[in-house]
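Peer 1: Following the hints, position chain E against chain W.
One letter stands for each residue in the lines below.
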Amino acid sequence: MSDNANTATTLGARAHARAQGGGRAEAMPILPAAAWAAEGDLPAGVEAADLIWAETVAGGGYTSKLIARGSTVRLTDLAGDACAHLLLFNADQTWERLNVADTVKVLWQAYLGPGHLLLSDQGRVLASIVTDTSGHHDALCGTSSELRNLERYGDGSAQGPSPAGRELQLLAVAKHGMSARDIGPGLSFFKGVRAAADGALTWTGSRPVQAPESVAPVVEFRAEMPLVVVIANVPHPLDPRPSYQCSTLEVLAWSGPPTSASDPIRTASPEAERAFLNTDDYLAARGIR
Amino acid sequence: MTEPRIDDLVAARAPWSAVVRAGEVLTIVDLGGNQAVDCLLYNAADTTERYSAPDTLTGQGNLFLSTGSQLRSGLGRVLMTVVVDEVGRHDTIGGACSKESNTLRYGHHTKYQHACVENFLAEGSRWGLTKRDLVSNINWYMNVPVDPDGSLGIVDGLSAPGLRVGLRAEIDTLVLVSNCPQINNPCNGFDPTPVQMIVTRPTPIA
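Chains W and E are the protein sequences, given in the same order. Residues in the first sequence are numbered consecutively from 38, following my numbering. Residues in the second sequence are numbered consecutively from 216, following my numbering.
Pulled out of the complex, with its shape left as it was, chain W reads as follows:
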């Protein structure tokens, strides 16, 4: 009990609890999301009323949200050392989820960048990457396990000093009725990996700081279906630094129209064209516009 709090009675405990309201932390959600507009610059063409998600995620933290088709999610590496580990699920039937193998194989491209489609195991587009000012991402190495973090940092438990990405994913998916069986390979943003001809994997870290330094790296993806979005902000599993280092990630999302029929992302490749055809076919039959 703190010096000034009288928490020996229910009324005292209530007053003590209520006095904490309105506090601020470096990592926290802003509610309503529209209130974020008072402290940040809105993306071009976005009104405050369009905002559906405004949150800062601590290094070692996670968040999740169910978002509508047409929503755009913007991830910002505020301080240059975040690593956003992403899982995606079709919100209507979560057994349909991000398939990283198809995401790289179908598009004939292992390295994520603007225009990359994030595909489900059902041959459909869950989301499309519409903006990328980082170029340092990874679709190969997934996230960290509790065992790996135990070996690397001495602890990997979800609420310990160096949480493993998978432990956080387990908590996040649980809050959407899912469990360990629903966790497959994911993607990570803001830390890069490159493969040599002999297969050797090299961690390339964050995008080098660019002038002006205030311009933080950003990735935006648009939901092509109703999605459960799971984000764990933890060090990349190949991060060679001996200590657990991960800085705050900002998540901002806004509602908007779905990808238009004339959007060039639909026809960027024959595989993309057919992936959007499959998505449109599913949504039309499902009654989602």
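It is possible that some hints are incorrect.
Unchecked claim - DSS-like mimics (lysine-lysine), calculated; alpha carbons at most 27 Å apart, straight line:
1. E:Lys314 x E:Lys326
2. E:Lys346 x E:Lys326
3. E:Lys346 x E:Lys314
4. W:Lys102 x E:Lys346
5. W:Lys212 x E:Lys346
6. W:Lys102 x W:Lys212
Derived by calculation from the structure, the hints in this document are not laboratory data.
Peer 2: Chain E in isolation, oriented as in the chain W frame:
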């Protein structure tokens, strides 16, 4: 020579599964040459623990599977170790073919062709596994290079008739296999062929 506990011929396009006990070695024989063998691994005692391609790649710092590769679960634990590889390298980033991904890669006219995910679903159901239990798999004998610009693809294989891969189980491991039916890319030399699956007990130390 140890008598095999299991010695199965897996027909072209067919699934296969078995529990390989800790210490046993599963030998896969590419009888016809360049036959992709899609493979998933599960802790036989708790199938929520299963093969993880990312944990395996992270653990070895390399894209390709070969002798010495430790095949890890999503919990980071080693399920099996590659103890024999007569080919040189195998894939674990290309995933399994499905009817759905075939429509993307080759066109909607390929929807009614056979695919590995059908084998995984059907064979997995015999062990109580469902769609949720399928993750990025191993493709024995499949060749998937990544170019400097990130371009990747399934290209002509490096295997030949009779070449073997040997996997030692570190814990009791359920092995789920699809002898790949794909005919639209070179992973099976455009001609799916049978493979042989042999499980042998560890040789007692004399």
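Peer 1: Is it true that the CA of lysine 212 of chain W sits at most 27 Å from the CA of lysine 346 of chain E?
Peer 2: holds (20 Å)
Peer 1: Does lysine 326 of chain E lie within 27 Å of lysine 314 of chain E when you go C-alpha to C-alpha?
Peer 2: Holds, at roughly 5 Å.
Peer 1: Checking one constraint from the list: CA of lysine 346 of chain E to CA of lysine 314 of chain E, max 27 Å. Satisfied?
Peer 2: Given that 27 Å is the threshold and the Cα spacing comes to 14 Å, the pair holds.
Peer 1: Tell me if the straight-line CA distance from lysine 102 of chain W to lysine 212 of chain W falls inside 27 Å.
Peer 2: The hint holds at about 10 Å.
Peer 1: So if I understand the rule, the pair passes when the alpha-carbon distance is 27 Å or less; does lysine 102 of chain W with lysine 346 of chain E pass?
Peer 2: Holds. Lysine 102 of chain W to lysine 346 of chain E sits at ~23 Å (cutoff 27 Å).
Peer 1: Check the hint pairing lysine 346 of chain E with lysine 326 of chain E against an upper bound of 27 Å on the C-alpha distance.
Peer 2: holds (18 Å)
The structure is consistent with each of the numbered hints, conforming to all of them.
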